[in-house]
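A.B. asks: Top line first, the protein sequences correspond to chains A and B.
If you read the first sequence in our numbering, its first letter stands for residue 1, the second for the next number, and so on.
If you read the second sequence in our numbering, its first letter stands for residue 1001, the second for the next number, and so on.
Take every hint as true, because none was put in to throw you off.
Which stretches of chain A does chain B cover? Using the computed rule of at least three CB atoms under 8 angstroms from a CB of chain B, they are:
1) 36–46
2) 219–230
3) 258–265
4) 280–290
Hints listed in this document are in silico derivations from the structure and should not be mistaken for laboratory results.
Every residue gets a Cβ at the ideal spot worked out from N, C-alpha and C, and that includes glycine.
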Amino acid sequence: MGSTLAGKGSATPLTPNRPSLPFGRAVSSLRARPRIGDPLFKFTTGLFAVLIAGLAVLIMVSMALNSTLPFQKFGFGFLTRSIWDPVAGQFGALPFIYGTAVSSVIALLISVPISLGVAIFLVEKAPRALSNPILFIVQLLAAIPSVVFGLWGIFVLAPMLRNHVYPALQSSLGFLPLFKGNQNGLGLLTAGLILSIMVLPIITAVTTDVLRAVPGIQREAALALGSTKWEATLIVLQNAKSGISGAIILGLGRAIGETMAVTMVIGNRPQISASLFDPSFTIASAIANEFTEATTEIYLQSLIELGLILFLVTFVINMLARLLVWSVTRGEGRGGHA
Amino acid sequence: MRSLTRRKLLNNTMTVLTGLCSLFAVASLFFILGYIFLAGVRGLSLSFLVNSPKPIGEPNSGIANAIVGSVILITLGSLIGMPVGILGGIYLSEFGSNKFGLLLRFLIDTLTGTPSIIVGVFVWTVMVRPMGHFSALSGGVALGIMMMPIVARTTEEMIRLVPHSLREAGLALGAPRWRVTLGIVLRTAASGVATGAMLAIARIAGETAPLLFTALGLNYLSTNVLGQMASLPFQIYYYAQSPYEEWHDMAWAATLVLVTMILALNIAVRVLTRNRYQQA
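If we strip away everything but chain B, and leave its shape as in the complex, we get (with noise of 0.2 angstroms):
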């Protein structure tokens, strides 16, 4: 056996070196966020945020189109996604207790790790190739099956937070089990279904590679959902990608404004949360 001051230093060490990962991780996403706030901050301007973009060299471009398309496709996305998930996550709550319902949740839990670029093939190959061009219906598709796995599993766990003494007063009232389901537990679990859905809303505002061949973008604003559609995620991708240093600058804006929703979405679903569900 090692000596009690060897094994004490060893103790100590781990300790330090683990705090120390921790502290790269946090300073990580501090250098980030810094960096992207100090970058966009420059470029940040009320015109920016309502008009559309200009060619190159003419003043006051801005990315109005980019943002109405994201809050558009999010839009289509949750019309489809939520209704879905929710529905499959009621089911996996209430009756999915069996072997059966365990392999769903399996299936469900292993489609939430699919790359999103999957999802942005396998709906051109279902819906752009057939319907014969790009549309922002087609990425809304795209947006919904990644927000399907993710609404159906926070609502399933949503609604198991819910106590078995409220099912069981509804159920000795003589109401059938879907009353008792729709008008009981889904509404006292009401909120934690939202906060779920606030957190799919903001995984899928950022992602880029499903709107890649659907929604593709576009450099004006259109409110058209059968045509191509701008969101803020491409119209970074785009200008990341460009030549311009101009372009470049609007990049970061554009960064800044869709990583503030994204976060202030995260933060307000924890402030919820840990108001209502301490132990979750």
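Just chain A, with the same shape it has in the complex (with noise of 0.2 angstroms):
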């Protein structure tokens, strides 16, 4: 970037002629001096704009250098091991992957179907004195903070469904092993339907300018071929794929690294364990219960350790998701902001 800046401001002439007239000064003025205004102009905003953008590489490199411990005792092992026990020194990352990753799923399985539910509706069905509103309306649920929901899914979600649904899935379910065992509320599947509703706008919020940036020619041919609405409907989503896709990608994105609601209902326990009404632990709700609280230094490093994997997968993730949106809104849109 360096070399480019160079260019304009040393192109500028040498030879500062001053004639008398005062006509012929202002404009020698304006020639001889030299324009580094522009040059860093451009150096100083670009540099801000790096700075942001390289905050990336500054997080991922200061939490491997906080992580060497663990690494050097369990490399790569980390991942793998089912073991976390801070009095033995002995630490692995498997139940948090998995409590994760199961939490992000169950989230997915009931958020994508309601969230392309609605999309489909504010696009293709809804006029837009109409849509507009509820899409505002979907997005103010994404304003709610994370705490929040944390705190209803503690006094209202949770008491409900303890005393409501779990006991009904147990009885008509209670076969399988996902469904056994004591169930007070807190827990990994409660944990996934608090986040389902939080993924949900930015899913909603995607798939709608996903969506919208598909050429209204394609429903019109459709339409003129014969077909419903809803048959030109899928015709946009074929070609919508990608779009939807990424932004599937990025509510999991999102899911993985939510942190409150998750600590705040989950059941903080790191076990793997078939039933989702055991209590589990993610990732991101371990760094956020037991970061204070670590005593030594391997039981913290082993904590940034896990921060580590985290950011790595959601940078990856959200990279990913970025793609595949851009290849449809052409980086035009708003689904960052959601």
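Hints in hand, dock the two standalone chains.
C.D. replies: Right, here's the structure in full:
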């Protein structure tokens, strides 16, 4: 970048010829003044843009430097070890990876169909006068802080599930290992349900952007051939496929990194259990819960290493999602801010 | 080919189903907001807003420390995040239409999705650990970092909406590029940039995770930015985890205050942008 900046400033003529006429002076002073303002401006603003983008590298490096101890001791085996025993100094990431993966998958299983339904309704069915307010309301859902979802999860959702939904699930599907065991309302399934409400707005907003970016002529062509509106919609969906997958992956990234709400309802126990009613832990909730309580250096560094794993995974996921969404919207739209 | 009646039936069914999905999404927001209002309004009073927390059982306990703390933390975050975000956004819109700009934009968009807890851990490793103690300042840095990508991208989008003829007019008068950008383009886009900044504030005002290891919390009123500091989201988290009924009520009341503030910001942004950028 530095090479492109130097050009314009030094290219001004170096012969300051100063005629006595006032008019001439005005012109010459404009010419003679070396214009460093513009290159400097470009450089300064560029520096800040690079600084923001470079944060990704900074975060990665600082976390890697601060997690050397567990890496030396456990190596890549850290990822597959299922022991988490701070007292014995034994650490492994598997229970957290499991909890993160399962809660996120539950969240997506519920929120994807609903989000797609909302987006299809907003773009293909509802008039703009109706769809814009609905989209705004859905985005307000994204504005509610995570900790508020957590509070609501503890005192409203969890008791409701414990008293009504989970017993019914157990009596009808209790033969599956998924729905065995005690239920106190706090566990993997509850976390997944809270997450599904939390990622719904982002998937909806990005899918809406993507569907709106599909040219209207495709719908018209389908309708002109005699298809119903729904059949035309299917063709639109077909063409927006990659963008919609991007939206879903973006939602996955959010679900994986969501911290406060999950910490408050997942039960916080590092275990791998087949039952969705059992308490579990996600990477993010483990860090939130144990970081300030980590008494030994290796305990602390193991938590930072968990953080590094989380960062790398969400970074790759978000990157992939952006590429897919951009392939449809060509970098426009405001998906990122939903 | 299936019969026309069946195809029409399917079409109508899907209309109803997608409509129900929308209804569900809208209803869940109102259900949550309604509950927050009903549960929070009981504990809300003037003394709740102007007093600091008191021990369990004492009357007139409040969250003034958390309100003041949140204001200070958000101010710190804005002071750090906004200049960087706005300047970065200017670069992206004015000089970023090449491959390099595309790369930056891509990385910045990707950063928007970084879990907020990671930002907390990052700031802990680079600030809290070297300094040796938790501080509001590090909390402000964490919030500032969260704001940067959001502000940069909204600034960029708002500046892009400024018509090219304005830039050309400035350049034709002989003004250098930087003066055109700062004096004409940024000024024209100022209200848009401001609404973007409000949106960013609304986003970080409710963040708890980046504060867990930076500003932490504090049970009394403090304005010392080098010490621990309370904040509304942290106070809610703290009260929600406690076993006391009284504190749960306080958590709901504090939530009502926080959510009202955040929703007001979002709605204000909406109203402001609707008038100005009909298409945006």
